[in-house]
Structures are given as C-alpha cells and as structure tokens.
Amino acid sequence: MSYVYTVARLRGMENHILDTAFFSRLMDSSGIDDALKALGETSYSQWITGPGNFDKAIDSEMLATCTELESFVPDKELLDIFRLPYDFHNVKVLLKGLFKVRGGELEGRRYDLLSKLGTIDTEELTNAIETEEYGFLPYGMTDLIPQCWQLWDATKNAQAVELLIDHAMFAAMLKVAEGLKMPDITRWVKSRIDAENLKSAIRLARMKYDPAKALPFFHEGGTIRPDDMARLMNEPQETWGRLLSHTDIGAALGALQDSGDIKTSLSDVSKSLDDYLLKVLEGAKYSMDAPANVLLYLLTKEAETRNMRVALVCVAGGLDREFGRRLLSNGRQ
Amino acid sequence: MEYLGLSLALFGAALAAALAGIGSAIGIGIAGGAAAGVMTEDPNKFGSCLILQALPGTQGIYGLLIAFFVLNKLGLLGGAGAVALNWNQGLQILASCLPIAVVGWYSAIWQGKTSAASIQMISKKPEAMGKAIILPAMVETYAVLALLTSILMLMGVQVG
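Line by line, the protein sequences give chains A and B. Per this note's numbering: the first sequence ends with 333, consecutive numbering throughout. Per this note's numbering: the second sequence ends with 160, consecutive numbering throughout.
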C-alpha cells in the first residue's frame, strides 16, 4: 500500500482524535460516572466496562490503534519506533521484579505493569527473561539483558540498570530510524534523545548533582552532545533557553526562563518538550504522502490517551482541576 | 522513404494519445489511492472524492483529441485514403503533437498529486470542496494551453 493511501486514511482517522476542548469539558464533570457518560460517544466507550477499569480501557484504545495502523502502513518499522520504548519498559519491569525475587521478596514480580503496546509479546518476553533464553530477542536485547544482570550483581543499583536499558533503547530507536532512510524520522529520534537528556539535566540540577559526574546520565545520538548537556548544568537554568537558542529545542525551554523555581518548572518543561516533539514532525502535515504522518498520528493519539488519563484521574480522585488542566498536552487543537 | 512522412505523423498521434493517457492513468491512480484511504474512514465522501479523482483524466482525453485531429488531417478517418506526405510534413505533424504529449503526461501526474492532497483536505474540511477543486484545476490550465498549442500548430501544417 502506498503512503498516499496511508496518509489519506490517517487524515480521516484524525477527525476522531479528541481535542483539548473535549478534555476541558471532561475535567468539568461532576464525578467519574458523569465523565464516563461523556466518553459514551467516543471510541473509548467500547473498552470501558465500569468506573474502575478506565486505565485498561485507555491501553486497549492505544493497542487497537497500533493494530489498525499495522494493517495499512507500508513500513512496519515506523510503528516499531513508536512501540519499541514499551518493549524496553517491559524489560525494566521484568528485571526489577526478578531483582526483588532474588533479593528474597517473593511477591516482587509486577506483571500488571507490563504494557501490551510493545512489539514483543509480553508472555514471550517474560518467558525469555525468566528462563534466560534471550537468543530470539531483537533490538540488541540478547546482549543487553546479561549486561543488566552483571551490573545488578556488581552494584545492586536498579537506577544504573534502568539507565543502561534507556541507553540501549535510544540506540535501538536510532538504528531502526536510520534503517528506514527517512530524514524526518531520524530527526525526530534525535530530538527525542535531546528532550530526554534535557529532562535528565533538569532533574539532576534539581538534585544539585555534580555536573562533572553527570555524563553517564545522558544518552548518545542526539543533536546536542552529552558533554555539552553536562556543561549546561553549570549555568543558571533561566539561561538554558538562550544557550541552546542555536538548536531547535532551545525555544521549548521557555518554561525554564519564565519560572525561577526549578521545582515547579519541571512539569511545565516536560509538557513543552512533549509538544516540541510533536512540532518536529508537524511539517509532514502539509505533505500528502510523508511517512512521518504515521508517527505524528501515533504521537497525537498517545497525547490523547495521556490527556484522557490525566482527566479521568483528576475527576475520579477529586483532584485540583486547574492543576490537571495545566498537565494536558496540546495534542489536537 | 515513400511512407516516412505518414509514419512520422502517425508516430506523433500515437505519442499524443499514449503519453497523455499514461499520465492520466498515473494521476487518477494517485488520487484514487487517497480517495480509498479517505473512504475507508468515511464512505459518505464518495461523491466529492470521485470528482477530484476524475480531474487528472482530462489530459488523456486531450491526447486522444489530438490523435483524432491528426488522423483526420491524414485522411485516415472516413475511408477516403491517406493523403501523400513528405518527410518534412510528417515531422511537422509529429512536432505539433509533442506539446500535448509531454505536457499532458507530466501535468496529469502532478494534477493527480494535487487532487490527492485536495481529497485529504476535504476529509478534514468537507465544506471546502469548492477550494479543493480549484487547486488541481490550476494544473489543468497548462494542459489546456498545451492542447491549444498542438491544435494551432496542426492547423498550420499544410498537407495534400
């Protein structure tokens, strides 16, 4: 199938993406029953069976979207780039569970945290990791998982293991993107690495971490080199946007400049970086056959599910609605 | 060498019909792909999609028109027998066919791409159908100009 067909079909599907006005209305619901009633006319209604299961319903909606796209997107690797982080998330969940079990915590396994959005079937992945049969695992996991065990045995540091997995994930994403030979997709992956590194830099600065020791926390492959990222931590955070003004991501750091308080700015920066990653691909909207439209649609849908989760958690938990509104991403306007 | 003029003229007619027709087929195919994608989500848009998909088909008709024009000029229609042509006259007819052959072929493909983009546009904004037709119709202008050029050139060629 051609990308002309694919993009045209995505344009039709975009009409069903819920906009920010809908989420604002959802936030105004008096309670969870009222909110679920409002969802009655959306595609989420087919998955919702009661007030308690909206989390699973949101996952089912995203999984159904991926499955539908798989049936007509010419390059499956485009979907893999989106789904691959869920595989690595599952590896983290399974390994952490096993670390706990080996440490004597028999109920350490958390299969409920596994995501079905990954490219590898969760049962197969669980079996592979628990039986130490990594041979068939893709994306360099065959080598990665034994390395994780070695690191765990040597340090007992779960955070270091997570970091190792994240490094491998971004390397795998970049490899898949470069294999596609689609410059927009490679650019997006590099931007995503930059965004993750910036989030790490903000968190480390918040913890007053020594910039000289921060290098291992940054991933390779972005447009901004890890040592430049570490150097940034020596500067006041309100100047980061100006210092990175020569890069595309510099403009996304407005929230850091506006806020003098590094603690309150983290969620705003995180939101504006998510919006920035959508903007990286927005040029594809004006093309009738750009493959980047596939990734753009998936990210918009993911932003929708994120907004849905924020809105329903706020409504169900009776949390501050204004704070919830601030957390909503600008998925579809 | 006796039939070289006639052969050149017929080659011109064949080019006009074939190249413009191939361009139209490709253009309609591109627009059809987009129409199928949109209709998978919303089958009610069939009418709008069909109009936009049909737009790149005109170049094929223009090519056929010029081919008929040439065959008529050569006396091959109506059973009266072919007129005598020297190689110079044949070459003139071949040259007259080139504008619609080349422009028809290329413009139909681009019109198909513009139609596909317009089909995607009406998928999101059905109320913009008028604007959606105008955009690919702009490409049509140059196919019409090429058709006129071919007709005027053919009218200028003296045979018989």
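None of these hints come from the bench; they were simulated from the model. It is possible that part of the hints are untrue.
DSBU-like, lysine-lysine: derived pairs with alpha carbons at most 35 angstroms apart [what the hints assert, rightly or not]:
1) B:Lys113 x A:Lys208
2) B:Lys125 x A:Lys96
3) A:Lys175 x B:Lys113
Per the computed footprint, the stretches of chain B lying under chain A, defined by three or more beta-carbons under 8 angstroms from a beta-carbon of chain A, are [what the hints assert, rightly or not]:
4) 30-44
5) 119-125
By construction, the Cβ of each residue, glycine as well, lies at the ideal position given by its N, Cα and C atoms.
Hints versus structure:
Restraint check: the Cα-Cα separation between B:Lys113 and A:Lys208 comes to about 55 angstroms, which exceeds 35 angstroms; the hinted pair is violated. For the given pair, B:Lys125 sits about 49 angstroms from A:Lys96 by alpha-carbon distance, which is inconsistent with the 35 angstroms threshold. About 32 angstroms separates the Cα atoms of A:Lys175 and B:Lys113, which keeps this hinted pair within 35 angstroms; it holds. A stretch counts as covered by a chain when three or more of its residues have a beta carbon under 8 angstroms from one of that chain; for the segment 30-44 of chain B and chain A the count is 10, and the coverage holds.
For a cut-off of 8 angstroms, the count of residues in the segment 119-125 of chain B with a CB near a CB of chain A stands at 4, and the three-residue condition holds.
Of the numbered hints listed earlier, those contradicted by the structure are 1, 2.
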